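**Q** Model the full structure from these sequences, guided by the hints.
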Amino acid sequence: MPGKARKTPLKDADRDYLALGLEGSANKLGAGIMKHSKDGAATVLSNIRHTYITPPGEGFQPRDTALHHREWALKVINDCLTKAGVSMNEIDCICFTKGPGMGAPLQSVALVARTLSLMFNKPLVGVNHCVGHIEMGREITGAQNPVVLYVSGGNTQVIAYSRQCYRIFGETLDIAVGNCLDRFARIINLSNDPSPGYNIEQEAKKGHRLLPLPYATKGMDVSLSGILSAIEAYTVDKRFRPEGGTKDEDIITPQDLCFSLQETVFAMLVEITERAMAHIGSKEVLIVGGVGSNERLQQMMGIMAQEREARVFATDERFCIDNGIMIAQAGLLSYRMGYKTPLAKSSCTQRFRTDEVHVAWRA
Amino acid sequence: MTISISQSLIQSSLPISQGAEAKVYKAQLTPDSPPILLKYRFQKNYRHPFLDANLTRSRIAGEARALLKCLRSGINVPGIRMVDATEGVLGIEWIEGHSVRKLLPGGAEDDGSDDVDNVDVIDSVNLNEYGVSVDELMKLIGVEIAKMHQVDVIHGDLTTSNMILRQPGSFVPPQNHDIKTALVLIDFGLSYQSTLAEDKAVDLYVLERAFSSTHPDSEPMFAKVLAGYAEIMAGDWPAIKHRLDDVRLRGRKRSMVG
Numbered sequence: 001m002p003g004k005a006r007k008t009p010l011k012d013a014d015r016d017y018l019a020l021g022l023e024g025s026a027n028k029l030g031a032g033i034m035k036h037s038k039d040g041a042a043t044v045l046s047n048i049r050h051t052y053i054t055p056p057g058e059g060f061q062p063r064d065t066a067l068h069h070r071e072w073a074l075k076v077i078n079d080c081l082t083k084a085g086v087s088m089n090e091i092d093c094i095c096f097t098k099g100p101g102m103g104a105p106l107q108s109v110a111l112v113a114r115t116l117s118l119m120f121n122k123p124l125v126g127v128n129h130c131v132g133h134i135e136m137g138r139e140i141t142g143a144q145n146p147v148v149l150y151v152s153g154g155n156t157q158v159i160a161y162s163r164q165c166y167r168i169f170g171e172t173l174d175i176a177v178g179n180c181l182d183r184f185a186r187i188i189n190l191s192n193d194p195s196p197g198y199n200i201e202q203e204a205k206k207g208h209r210l211l212p213l214p215y216a217t218k219g220m221d222v223s224l225s226g227i228l229s230a231i232e233a234y235t236v237d238k239r240f241r242p243e244g245g246t247k248d249e250d251i252i253t254p255q256d257l258c259f260s261l262q263e264t265v266f267a268m269l270v271e272i273t274e275r276a277m278a279h280i281g282s283k284e285v286l287i288v289g290g291v292g293s294n295e296r297l298q299q300m301m302g303i304m305a306q307e308r309e310a311r312v313f314a315t316d317e318r319f320c321i322d323n324g325i326m327i328a329q330a331g332l333l334s335y336r337m338g339y340k341t342p343l344a345k346s347s348c349t350q351r352f353r354t355d356e357v358h359v360a361w362r363a
Numbered sequence: 001m002t003i004s005i006s007q008s009l010i011q012s013s014l015p016i017s018q019g020a021e022a023k024v025y026k027a028q029l030t031p032d033s034p035p036i037l038l039k040y041r042f043q044k045n046y047r048h049p050f051l052d053a054n055l056t057r058s059r060i061a062g063e064a065r066a067l068l069k070c071l072r073s074g075i076n077v078p079g080i081r082m083v084d085a086t087e088g089v090l091g092i093e094w095i096e097g098h099s100v101r102k103l104l105p106g107g108a109e110d111d112g113s114d115d116v117d118n119v120d121v122i123d124s125v126n127l128n129e130y131g132v133s134v135d136e137l138m139k140l141i142g143v144e145i146a147k148m149h150q151v152d153v154i155h156g157d158l159t160t161s162n163m164i165l166r167q168p169g170s171f172v173p174p175q176n177h178d179i180k181t182a183l184v185l186i187d188f189g190l191s192y193q194s195t196l197a198e199d200k201a202v203d204l205y206v207l208e209r210a211f212s213s214t215h216p217d218s219e220p221m222f223a224k225v226l227a228g229y230a231e232i233m234a235g236d237w238p239a240i241k242h243r244l245d246d247v248r249l250r251g252r253k254r255s256m257v258g
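From first to last, the protein sequence lines are chains C and G.
Numbering-wise (the UniProt record's numbering), the first sequence opens with residue 1 and increments by one.
Numbering-wise (the UniProt record's numbering), the second sequence opens with residue 1 and increments by one.
Just so you know, the hints here were simulated from the structure itself, not pulled from any lab data.
Quick caveat, the model's predicted, so the values are computed rather than measured.
Backbone N, C-alpha and C define an ideal beta-carbon position, used for all residues, glycine too.
Please note: incorrect hints may appear among the correct ones.
Each pair of labels, with its calculated beta carbon distance range [as the list claims (entries may be wrong)]:
1. 250(G) - 58(C): 24 to 32 Å
2. 317(C) - 250(G): 29 to 37 Å
3. 61(G) - 247(C): 31 to 39 Å
Simulated pairs of lysine-lysine, DSSO-like, Cα-Cα distance not exceeding 27 Å [to be verified]:
4. 218(C) - 139(G)
5. 180(G) - 26(G)
6. 283(C) - 241(G)
7. 7(C) - 35(C)
8. 340(C) - 38(C)
9. 69(G) - 218(C)
10. 180(G) - 218(C)
11. 35(C) - 340(C)
12. 147(G) - 69(G)
13. 340(C) - 122(C)
14. 218(C) - 224(G)
15. 7(C) - 69(G)
16. 283(C) - 26(G)
17. 180(G) - 147(G)
18. 241(G) - 218(C)
19. 35(C) - 345(C)
**A** Next up, the structure:
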C-alpha cells in the first residue's frame, strides 16, 4: 500500500549479478543484459532488438515469426554480449519468456535459452512476459506501487500489486487493444514499419472528425472487438475517401478513422485505469506494453492523473515495446530470491496469467 | 457570464469526495429540507469534448432512468431529487451508513488518502453496530441484486464500494421485520436494461472480481451472495449460473486445464 513502506524480502546483493534476458513472445526478438550491483543499482548493459516486419495488409504468422527468431537469435545475442562487454561465462542466469505469447516463437527462443544453459552450465529462469513489463517499468521510472496499465498487441490489463501477486483488476473481454489497432492498420493498408500502431498515431494527428463508435467499458473491463467492426464499417461507407479530401466536405478519411479510433479506445482505457485508481486509492499510474509508447495515450493518462493529483509514469519505445532487458530484470529478481527453472520444466505456455506469478521479491 | 442553477447549487454545497467519474457533494435544495447527495459528472479533459459531452449526458439520464425503475419496483436505491443531464448533475437522497467495502475485512486497508475529509474512516467501523453478521450481509447483497435483475436492470459496476448499509438510526424497518438495516445499491452510472442471462451473469462476475481483488478469502463470502441471489431468482437461476460459469472462463489467457 502506498505510504506504508514495508521491508522488501529481497536482500541486498552480496556481489554484482548479471542476467541475460531473451524475449520472443511475438514479432520482436530481444536480448538484453541487466546488472544488479552491490550498491543496489540496476544497470542496463545492453538491450538489442530485432523486429519481424510484414508487408502492409499482413499480420505476422506464428510459423514465419518463429523462423525469423531462429534466423536472428545468434546475431542478436552476440551483439548484445559485445555491446555489454561481457562473456557468457560471466552471466549468472539465463532468463527467457515462458509465456504468454505465440507458441512457435516462444518455443524457438526457449530452445536457444536451453542450449545456452547447457553449453555454459548456467541456470535457467522462466519469466512471465507481463511481469517483465511491470518490473522493467518500475525500475526505469522509479514508480513504487503504481496501478499498471499494460497495453500491447496481445494484452490489455489494469493491474495492481497486492500481497505478492500482481492482481488483474480489469482487462479486455475479447481482443487486445494493440490487436485492434494492428488489424485496423491492415484494413486501411498502413505500413507495419516501424509498427502499425506508430503509423496510426501519425495518421491520427491529421484527422479532425470524431466519428461515433461504440464505447464499451464494463466495470473495470473493456470490450474492443465491436469497435473494430464498427470502424471497419466506416471504410465501406459511401462518404469514405481513402485518398482524403478537404476539411469542409462531408467525407470520412482514413485519418479521421485513426483519430476516432484512438480517441475512443484510449478514453476507455484511461477510464478503467482511473476507476481502478479510485477503487484502491492509488496515486501512481504506470503505462507499459507496446501501445504504451503512444504519446496520445500518455498525454490522456497525464491529464487524468493531473486532475486527481496523481503521477503518471511511462517509458519510451526501448522499454515499452517487447525487449530482452525486461525479461532479464524480472528474471534476475526472482533468481536472487532463489528461484530457478529446472531444465525439465523449461517449457513454454501460450496462456500464463499475470496473477499466477508469485512475486517473491516484493513485500 | 451567468452560471446555471446546478452550478450555483454545487458552489454552495459541501464537497464529500471525488470518485473516478464524479465529484460528490452534500447539498440542500432549500434551507430546511433534508440533505441530498449531488453527483456532479465533471468534464473529463482527457476525453475529446464531443465524446465527453455525449457520455455525460447519456450516463446521467441512464442513471436517473435506472434509479426510477428500481424505485418503482421496490428495490433499495436512493430516491431521486433532481436531474440536470446537460450539466451532468444528479441529486439523490442522502443515505446515512457505511459502504460494504469498509465493513468487510481487507476493504479499509488502503491509506485512506481519498477520504481525508471523511470522518467515517477514522471511526472503527464494524458490522455489529448494524446488527448483521457477515453471512447475513452477503445474503442481503445477493437478494438486492436479484431483485434488481428481476426487473432487468443491470448495474454494470457492482463493487463493494457501491453498496451502503443504512445506519440503523436512520432506518424504519418494514412491519414484521426484525432487521435493523437495509442494503442500498448506489452508483447506477454504468447501468443499462437487459433481459439476457449473459448480462446478468457478467454483472455478477464483475462483483466476484471486485470481491477477490479487495477482500481476502472472498470465495466463501461470494458463495453466500450467490446463495441469496439464487433464492430470489428461483427458476431463472440455473440459466444465469450456467452463463456465469462460462463468463468465468472467458477472461483472456486463463489456464485451460481439463
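**Q** All the hints need checking, so say for each whether the structure fits it.
**A** Checked hints:
The beta-carbon spacing between residue 250(G) and residue 58(C), approximately 29 Å, falls within the hinted interval of 24 to 32 Å. Evaluation of the 29 to 37 Å hint for residue 317(C) and residue 250(G) yields a pass: the beta carbon distance comes to about 32 Å. Under the hint 31 to 39 Å, the C-beta atoms of residue 61(G) and residue 247(C), about 32 Å apart, fit the expected range. Among the hinted pairs, residue 218(C) with residue 139(G) is consistent with the structure: their alpha-carbon atoms are about 24 Å apart, no more than 27 Å.
A C-alpha spacing of about 25 Å is found between residue 180(G) and residue 26(G), which places the hinted pair at or below 27 Å, so the restraint holds. A threshold of 27 Å between alpha carbons decides the hint, and for residue 283(C) with residue 241(G) the separation of about 37 Å lies outside it, so the pair is violated. The suggested pairing of residue 7(C) with residue 35(C) holds, with an alpha-carbon distance near 22 Å, which does not exceed 27 Å. Among the hinted pairs, residue 340(C) with residue 38(C) is consistent with the structure: their alpha-carbon atoms are about 21 Å apart, no more than 27 Å.
With a C-alpha separation of about 21 Å, the suggested pairing of residue 69(G) with residue 218(C) holds against the 27 Å cut-off. In summary, the hint linking residue 180(G) to residue 218(C) is not supported, as the alpha carbons are separated by about 33 Å, beyond the 27 Å threshold. The hinted pair formed by residue 35(C) and residue 340(C) meets the criterion: a straight-line CA distance of about 18 Å does not exceed 27 Å. Between residue 147(G) and residue 69(G) the alpha-carbon distance is near 12 Å, which keeps this suggested pair within the 27 Å criterion.
Between residue 340(C) and residue 122(C), the direct Cα distance comes to roughly 10 Å. Compliance with the 27 Å bound is thereby established for this hinted pair. Simply put, residue 218(C) and residue 224(G) have alpha-carbon atoms about 24 Å apart, close enough for the 27 Å limit, and the pair holds. Taking the CA atoms of residue 7(C) and residue 69(G), the gap is about 51 Å. The hint is violated against a cut of 27 Å. A hinted pair counts as satisfied when its Cα atoms are at most 27 Å apart, and residue 283(C) with residue 26(G) qualifies at roughly 25 Å.
As the CA atoms of residue 180(G) and residue 147(G) are separated by approximately 19 Å, the hinted pair is consistent with the 27 Å bound. Straight-line distance between C-alpha atoms of residue 241(G) and residue 218(C) comes to about 19 Å, which keeps the hinted pair within the 27 Å bound. The hinted pair formed by residue 35(C) and residue 345(C) meets the criterion: a straight-line CA distance of about 26 Å does not exceed 27 Å.
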